[in-house]
Amino acid sequence: MTIWIFPGQPLKCEATPVDEPDFLAISGLCRLHCGYDLIENQPIGPRSLSQHTCLQIYGVAMSLYRTRQLKKQSFTPDMIAEHSLGIYAALAACGSIGEADALELAGRIGVCMSEMQGQSFSLGCPIGLATGAVESAARNNSVFVANYNTSRHFLLAGNGSGIESALEECRVAGAFSVSSFPCEAPLHTPLMEDVSSQISEIISDYRFSEPKIPLIDHISQTRLTAENIPLFLVDELKLPVRWEETWKFLRRVGISHCCEVGSGQSLTKFNRWIDSETT
Amino acid sequence: MTEELVNMVKQMIVDSLRIDGMSADEIDSDAPLFGDGLGLDSIDALQLVVAMEKDFGVVVPDAAIGAKVFASVRAMASYIEENRKTVT
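Protein chains in written order, with numbering that gives the first Met the number 0: chain A, 0 to 278; chain B, 0 to 87.
All clues stand as given, with none of them false.
Simulated pairs of lysine-lysine, DSBU-like, Cα-Cα distance not exceeding 30 angstroms:
hint, chain 1, residue 1, chain 2, residue 2
1, A, 237, A, 211
2, B, 67, A, 11
3, A, 247, B, 53
4, B, 67, B, 53
Covered by chain A, according to a simulated footprint, are these stretches of chain B (three or more residues, beta-carbon under 8 angstroms):
hint, segment
5, 43 to 49
6, 61 to 67
None of these hints come from the bench; they were simulated from the model.
Ideal placement from N, C-alpha and C gives every residue a C-beta, glycine not left out.
Kindly produce the complete structure, drawing on both the sequences and the hints.
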């Protein structure tokens, strides 16, 4: 069985295929529905989009472009899974919403999250420690584990100073590496409750059809339906991504081939790590 | 350092990182592994740390040392050779 997996927000933009008709078509949708120039990775005209929001739209756009390429080659997966902001492109790929809605939704939610900027939030990336040690460092410094990617790869989110002290605790505990990045919103933590009602309001503007391809969520590894997608889109921003559990589940149900549909290869590399521990 | 060790390190990289469509002898012994070279990242780094320990019994304790060890295949082979000598 084959699966397409949709990654979350990339850290940076790759070179874009500006001569490809499908890329130009997606680029046109970005301009029209998000006020975002995909080729230059910047807002169009007076519209104010933060750098993070631009990257979020870019990530969705690249996933949509790659989806078009795969569909052109007549590839159809047996299942679709998603990680974090990969949900918007995944929803389009399984036929629950259109490409324009996926881009617009990502852009509007991105703008909403960028308004949390008044506080100083960061992401922290400890690599090499086991779950218990990372959870303990997060707890001791009042930050949160936002992504459980593998048994040794995590993402922390929360207040900037808390992230730095949690990473120092991880380093002292023997982490192979630690790094931090500024962010606008503490995605996948309970702190997102602050914008939960605004995000619910945005999501209520869209209509979701029943996925034509089974879409597996990254929280409880269940099939998303037209009915529960709106609630999932709100809840997933407040709950950690459970990628290790998701990939193990997908292996258990018989997934043998996987295609990462988006920018970069992070999920493929996480899967490689998870597989190396289970085979 | 022997070319045999250099080739063993290349094979370890291909096997542990499951680099499709690339054979060990296509890897340049002196090219950087991260960034512009093979384009490896921090996820790959930990995979290489585990593989080096498993295949050669050599530990890379942290990213600061890893940055030097993973500068190139030849640097990895050199680190393996040095640390094997320390053990024996």
